[in-house]
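K.L.:
Chain by chain, the residues run as shown.
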Amino acid sequence: MILIIKICKDSLHDPEFVKPIEDVLKRNNIDFNTVHYREITEDSFENIDRIIISGTSLKDNKFLEDLELFNWIKECKKPILGICGGMHILGLMFNGELMKISEIGLTDVFIEKKYLEIQGKKQEYDLHNFFVKSDDFEVFGTSKSCAQATKHKQKPFYGVLFHPEVRSKDLIVNFTKL
Amino acid sequence: MKCAVLFSGGKDSVYATYIAKKSGHKISCLISIFSENPESYMFHTPSITKVEKQAEAMKTPLLIQKTKGEKEKELKDLKSAIKKAIEKYKIEAVVTGAVESAYQASRVQKICNDLDIECFNPLWQKNQLELLKDLIKNNFEIVITGVFAYPLDESWLGKKIDGDFIERIKELYEKYEINIAGEGGETESFVLNCPLFEREIVIADKEISGKNNSWKMEIEVR
Numbered sequence: 001m002i003l004i005i006k007i008c009k010d011s012l013h014d015p016e017f018v019k020p021i022e023d024v025l026k027r028n029n030i031d032f033n034t035v036h037y038r039e040i041t042e043d044s045f046e047n048i049d050r051i052i053i054s055g056t057s058l059k060d061n062k063f064l065e066d067l068e069l070f071n072w073i074k075e076c077k078k079p080i081l082g083i084c085g086g087m088h089i090l091g092l093m094f095n096g097e098l099m100k101i102s103e104i105g106l107t108d109v110f111i112e113k114k115y116l117e118i119q120g121k122k123q124e125y126d127l128h129n130f131f132v133k134s135d136d137f138e139v140f141g142t143s144k145s146c147a148q149a150t151k152h153k154q155k156p157f158y159g160v161l162f163h164p165e166v167r168s169k170d171l172i173v174n175f176t177k178l
Numbered sequence: 179m180k181c182a183v184l185f186s187g188g189k190d191s192v193y194a195t196y197i198a199k200k201s202g203h204k205i206s207c208l209i210s211i212f213s214e215n216p217e218s219y220m221f222h223t224p225s226i227t228k229v230e231k232q233a234e235a236m237k238t239p240l241l242i243q244k245t246k247g248e249k250e251k252e253l254k255d256l257k258s259a260i261k262k263a264i265e266k267y268k269i270e271a272v273v274t275g276a277v278e279s280a281y282q283a284s285r286v287q288k289i290c291n292d293l294d295i296e297c298f299n300p301l302w303q304k305n306q307l308e309l310l311k312d313l314i315k316n317n318f319e320i321v322i323t324g325v326f327a328y329p330l331d332e333s334w335l336g337k338k339i340d341g342d343f344i345e346r347i348k349e350l351y352e353k354y355e356i357n358i359a360g361e362g363g364e365t366e367s368f369v370l371n372c373p374l375f376e377r378e379i380v381i382a383d384k385e386i387s388g389k390n391n392s393w394k395m396e397i398e399v400r
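The listed protein sequences correspond, in order, to chains A and B.
Read left to right, the first sequence gives residues 1 to 178 (this note's numbering).
Read left to right, the second sequence gives residues 179 to 400 (this note's numbering).
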């Protein structure tokens, strides 16, 4: 069972940033639960074996004010995939620093080393004003501006800055099969 | 939040308006771009002059912006329309009916980012079949006003989107890879009635033109 953690401040962003991830899982007959980060309890993790943290809109940075609500990540043993804002959160939990870089729209991404079974050059959909730099993460893929695909050096935590639910749905499915 | 909807009068922008309103946002105005370029990259052109009747039926102000429809000029005109909506209606967000086109969606995202307002795309990546079924379930009455791909022909013009339409277009999708909801520009539509309208819009007259697999139905409505 996958736990999708949504980070959108406004529920009108759920159909844009959460539902497309849910649809990928549904189409592949993968069970999931979705919960907002503010509503996470210990029970949320029951029977969960992997976690996906969604992204949100360019102007929505509310989650950055609530980082203490993500401290559970530091002790988490389950694989986590953080998408865009979700990637920011992962990096910030491990001594990361947010830096201002905007990429909006289709972006050339080069995945140098095999990453969740994906490799090579591909156009991905980006929608961010920041990226996160953390020395605890290894970089597997980049755009011309910044890191796009990273993995924690010790833990099964994956961060992608692009939105795989738009152009690389396989990456999400591959994560669920880890 | 006070929102402006990028409004073409077709099923996607009207449905996006419906979802935004249902989720508690205020629709402060509709923005329609009248492109003189029928091949516009950004804007849906058939029947766009009829959006005035839809705006009336929704009792919502309509902000009209004309554009010559040259690629980058279109975007400047769109930005200037959104700026006007910020000044006149104090909008804090733009809502679009973008489903698949990364080109359209990211252009609007960039403009909203520059103007420091929110951007909502509630139909983004939505499954095409699910979209058509949702429209029927929510009592949207939609007519096809343009077809632009093989094997669609004149006979599709004026058809309503209903269960029978879905079955026929699904068959074509399986055989010819026609996009079911017309997001790739295969079809254009016009909404005659939906829960946002205080009255139904009626087709008073129509004029059909085209050839082969590219047909348009210009309608007069009342």
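Please keep in mind that the hints were generated in silico from the structure rather than gathered at the bench.
Careful: at least some of the hints might be erroneous.
In silico lysine-lysine, DSS-like type, Cα no more than 30 Å apart, as pairs [claimed, not checked]:
no.: 1; chain 1: B; residue 1: LYS204; chain 2: A; residue 2: LYS169
no.: 2; chain 1: A; residue 1: LYS113; chain 2: A; residue 2: LYS62
no.: 3; chain 1: B; residue 1: LYS268; chain 2: A; residue 2: LYS59
no.: 4; chain 1: B; residue 1: LYS254; chain 2: A; residue 2: LYS59
no.: 5; chain 1: B; residue 1: LYS204; chain 2: A; residue 2: LYS9
K.L.:
Could you work out which of the previously given hints the structure breaks and list their numbers from low to high?
P.N.:
Hint check: 1 and 2 fail, others pass.
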